[in-house]
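Q: Protein chains in written order, with the working numbering: chain A, 1 to 338; chain B, 1001 to 1344; chain C, 2001 to 2315.
Hints were generated in silico from the structure; no laboratory data involved.
Note that the structure is a prediction, hence the values are computed from the model and not measured.
It cannot be assumed that every hint is accurate.
Claimed, not checked - Partial list, computed: chain B residues near chain A (C-beta under 8 Å):
{"hint": "1", "residue": "N1046"}
{"hint": "2", "residue": "A1048"}
{"hint": "3", "residue": "E1058"}
{"hint": "4", "residue": "T1082"}
{"hint": "5", "residue": "Q1083"}
{"hint": "6", "residue": "E1197"}
{"hint": "7", "residue": "T1200"}
{"hint": "8", "residue": "T1205"}
{"hint": "9", "residue": "Q1207"}
{"hint": "10", "residue": "H1230"}
{"hint": "11", "residue": "V1234"}
{"hint": "12", "residue": "I1275"}
{"hint": "13", "residue": "R1277"}
{"hint": "14", "residue": "K1281"}
{"hint": "15", "residue": "L1285"}
Said to hold, decoys possible - Straight-line alpha carbon distances no greater than 25 Å define the calculated DMTMM-like cross-link-like pairs of lysine to aspartate or glutamate that follow:
{"hint": "16", "chain 1": "B", "residue 1": "K1087", "chain 2": "B", "residue 2": "D1189"}
{"hint": "17", "chain 1": "B", "residue 1": "K1157", "chain 2": "A", "residue 2": "D283"}
{"hint": "18", "chain 1": "C", "residue 1": "K2204", "chain 2": "A", "residue 2": "E125"}
{"hint": "19", "chain 1": "C", "residue 1": "K2225", "chain 2": "A", "residue 2": "D152"}
{"hint": "20", "chain 1": "A", "residue 1": "K178", "chain 2": "A", "residue 2": "D229"}
{"hint": "21", "chain 1": "C", "residue 1": "K2204", "chain 2": "A", "residue 2": "E70"}
{"hint": "22", "chain 1": "C", "residue 1": "K2047", "chain 2": "C", "residue 2": "D2304"}
{"hint": "23", "chain 1": "C", "residue 1": "K2204", "chain 2": "C", "residue 2": "D2142"}
{"hint": "24", "chain 1": "B", "residue 1": "K1281", "chain 2": "A", "residue 2": "D283"}
{"hint": "25", "chain 1": "B", "residue 1": "K1281", "chain 2": "A", "residue 2": "D220"}
{"hint": "26", "chain 1": "A", "residue 1": "K29", "chain 2": "C", "residue 2": "D2142"}
{"hint": "27", "chain 1": "C", "residue 1": "K2225", "chain 2": "C", "residue 2": "D2038"}
Virtual Cβ for every residue (Gly too), placed ideally from N, Cα, C.
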Amino acid sequence: MSDRTEVVLETKKLVKHFPITQGIVFKSKVGAVQAVDGVDIQLRRGETLGVVGESGCGKSTLAKLLVGLEKPTSGAINVRGEDMTKLKGTALRRARRNIQMVLQDPYTSLNPRMTVGDIIGEPFEIHPEVVPRKGRDKAVQDLLDTVGLNPDHVNRYPHQFSGGQRQRIGIARALALKPEIIVCDEPVSALDVSIQAQVINLLEALQDEFGLSYIFIAHDLSVVRHIADRVAVMYLGRVVETGNDQEIYENPTHPYTQALLSAVPVPDPTLRGHRDQIVLEGDVPSPANPPSGCRFRTRCWKAQSICAEQDPVLSIRERSPHASACHFAEPRDVVHAL
Amino acid sequence: MTDIKADIDVLRGIDPNAPLLEVNDLHVEFRTRDGIARAVNGANFNLAPGETLAILGESGCGKSVTAQAIMGILDSPPGYITQGEVKYRGVDLLKLPEKQRRSVRANHIAMIFQDALSALNPVFTVGFQLSELFRVHRGMSRADAKKRSIELLDQVKIPAARTRVSDYPHQFSGGMRQRVMIAMALALDPDVLIADEPTTALDVTVQAQIMGLLAELQQQRNMGLILITHDMGVVADVADRISVMYAGKVVEEAGVYDIYSRPAHPYAKALLESIPRLDMKGQQLNVIRGLPPALTAVPKGCAFNPRCAFAQDVCRQDPPPPQYIVAPGRTARCHFWRDVVGDE
Amino acid sequence: MSDINAVTSAAGPSTQPQMEPKHAGRGKKDKPRSLAADAWADLRRNKIFWVSSILVLIILAMALFPTLFTSADPRDCVLSRQHAGASGSALFGYDFQGCDVYAKTIYGARNSIEVGVVATLLSGVIGLIFGLSTGYFGGWVDAVLSRFIDIILGVPFLLGAIVLAKRFAQDPESNGVLAVTVTLGILGWTTAARIMRSSVITAKNQDYVAAARMLGAGPGRLMLKHILPNSIAPFIVVLTILLGTNIASEATLSFLGVGLKGDAISWGISIAEAGANARTAPEPLVWPSVFLAVTVLAFIMLGDAVRDAFDPKLR
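Could you put together the complete structure from these sequences and hints?
A: Okay, structure coming up:
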């Protein structure tokens, strides 16, 4: 229904290293946490890009970089041909308007001392050019209606709403400036199961209505499969595999993706014991001191000496029709019964 | 030493032929400023050795409170058990004095929690905390207790157990900490283990490791396992039977295959239809209207009626639906269970 | 089959955003219930709050309108009445100088309260500035200012107060009120600043601040709309407690002879004067002491009750 070829957002070799320092006044750098280390992603108009990975893989830092909450160490974030990292002043403010975020925890992401009307109206106060002062009350009420809340509730405070309703308020705030891109950072993981579906359906409906592009960051691979058109799998600050949902879920070629998918339980007891189970040994290495070469090699059952020496690039390979960062990439179905 | 004596007192009442664990008509209420919250409102279930019973429900449905009531670790006040029995091998635990209760807690029914970091004492080494259990409850010497602790850490597959035994809880990763907690829970060979959201805070690959470990240990020891969770994927992987709780009541109890293929309660059915699946794309997510009720204001009749697609007038009136027997060993609290289960 | 249809049709197709009952809670009147309103509902039921606020009101009335409470003149002292016992005209008897103890105690409230309130406000302003800037900016600003706070905190209170009060009270004409107020204000803000700093740091890291930053909010908006309202409650409570201790400190300094002086009337001076003859004539000592203790207690209890009501962790 929408033109899926136009790229609205693109990152080029995006890097964020957090320095590890000692001392308070006179700081000296003793190392760096490589939270995001050379990430290239593309987001097309009207599409949902799922970003998955376990805690510490850098997906939340990536989200913060995209919305400008953190400054990248190097690399570029291109939004409609402009590099956001180079913009300043008014141009930056204008560009920022175009990319908004829905946060994970609906209990902490709304200021408890502000009414819902003030919370949703705040974007208009910061960017007064979007809606003239007179139209703001109406705009706020329309937004509440759009996300399925009662427009008469503008004077209520966040603690008078349930978790799902609060997440709707967060979504309304993200919609206020009419952005093209919304970064959703685990938007349903703090919600109860029966409420998750409501919010997912709302996000899908809004995407259709406004032609939004989503970057959907989540650890729940089932939710991502449901909502995403394309998926990027991250491990220790890097994207290890990207593809459309079919490619990633049905024919994953990177061992980490395979292990990750095989670990996700499926709500169907008849599959019990009939799925390919890959149990990874050990824990994720520290991002302050990642392994040489392929970062997954320390836990990988396919690792050879080349994996320690050569960093596998994310590209299409002989046995992987979609981009995969593994020297030995080959498909393996771990989702369905054997 | 006193605990050993208390244990002997408990053991006197135990009937080895009685069911392992039986919960009958359990009621728990919280007396709060805003009124009485009926957190558990007549919960029934039983557990056999080697069996895994999953208690499935959303936050506030009373599943954790049920576990706390069984363990006898309910905060009181504000929580009170007002009615019901919790029978371990025929002994009603609710009637035991606190000292014997404590002994049951250590030796027969153990529990692990979601947050392993706060469940372990940060100022003592893991080895010390484990050894203490053996020294207090088994009267072991310091050296024996340490040896036994290392064996146990080995059993829960902590690499290099011999050196890690002298580490502090914060030196372990999330998954390893959960293993330590499992080791502590299993130290005194309980025959019932209650796991309250044991993997909710963990990543999926670590979750798979922990669930695999629990299943293995359960099989080795022929333990009864009560798994409290909201994750229907995990339940499908490990449970034998499921009790679905809603607003303090078990609304459906059934074998795992039955409930996933043909649920008999509308809540269970709607819940199953509302979750996205890893192995399917493009399915329509069903939505359960509205919110779970506040426990201080549970609707009249069936608590689920305002959100239910099957609801009729009878559902909105007291008395609430009784436990209908759907099949042997299978119950549902729904007047229209035949309609729910019957189509297709 | 029909039942499946019933489920899906009742829930509506997934493209419709309105899944939760759209007008949930409509029957109720839509009254905004802020945290302050919740806190008030809480306080209304709190006996300690009522007792302490009634006491505070009475004390304030004494400070503002002493003539409501007594018609006697506290400066009307006649030596012949020295240590005369309580009577109908002088409820608490007379002191060493033959002054009416009751009248002196009532009139003493004004100086005590004035010093306490103004010194507390002064401390509050300094503490707020230091707390906000150390907490919000962090880094070297925090490092430098926090060490400065530590230095002030390291000064022994009495020693510092005596030195400062003496330094400020050079003018022989003045009655010392200003000197004591400034002294207490300068020495008293450190705890409040530290409390403010830590609650600002907590508030600064909340998601809603990140959300506002993401929208492009500047530091002014972040501080005034998001951080300040969410971090000020514990600070205000510390100030109410400080108010109580400031009143006590004024009495202490006056007792030591570096506080109010000349013909100023305050509880501290009365206590100091009566100390020497306490064994033979306890009344001139006891009454101002009782008033002082009750006042300090009332303010501290009020602060405590308010803090509990505003603490979201307790609800």
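Q: Taking the hints in turn, state whether each one holds.
A: Hints, one by one, checked against the model:
1. N1046: B/N1046 check fails; min Cβ-Cβ to chain A is 20 Å, beyond 8 Å.
2. A1048: Result: violated, 18 Å to nearest chain A Cβ.
3. E1058: 4 Å, holds
4. T1082: Cβ of B/T1082 sits 27 Å from chain A, so the hint is violated.
5. Q1083: Interface hint status for B/Q1083: violated (28 Å vs cutoff 8 Å).
6. E1197: 13 Å, violated
7. T1200: Not OK, violated: B/T1200 not within 8 Å of chain A, min 10 Å.
8. T1205: 5 Å, holds
9. Q1207: 7 Å, holds
10. H1230: 6 Å, holds
11. V1234: 5 Å, holds
12. I1275: 6 Å, holds
13. R1277: OK, holds: B/R1277 within 8 Å of chain A, min 6 Å.
14. K1281: 6 Å, holds
15. L1285: 4 Å, holds
16. B/K1087 / B/D1189: Satisfied, since the Cα-Cα distance of roughly 19 Å is no more than 25 Å.
17. B/K1157 / A/D283: 13 Å, holds
18. C/K2204 / A/E125: 20 Å, holds
19. C/K2225 / A/D152: 23 Å, holds
20. A/K178 / A/D229: 22 Å, holds
21. C/K2204 / A/E70: Given that 25 Å is the threshold and the Cα spacing comes to 15 Å, the pair holds.
22. C/K2047 / C/D2304: 12 Å, holds
23. C/K2204 / C/D2142: Cα-Cα ~14 Å, so holds.
24. B/K1281 / A/D283: With a Cα-Cα distance of about 30 Å, the restraint between B/K1281 and A/D283 is violated, given a limit of 25 Å.
25. B/K1281 / A/D220: With Cα atoms ~15 Å apart, B/K1281 and A/D220 stay inside 25 Å; holds.
26. A/K29 / C/D2142: Roughly 19 Å separates the two Cα atoms, so the pair holds.
27. C/K2225 / C/D2038: 20 Å, holds
This entry does not satisfy hints 1, 2, 4, 5, 6, 7 and 24, going by the numbered hints stated previously.
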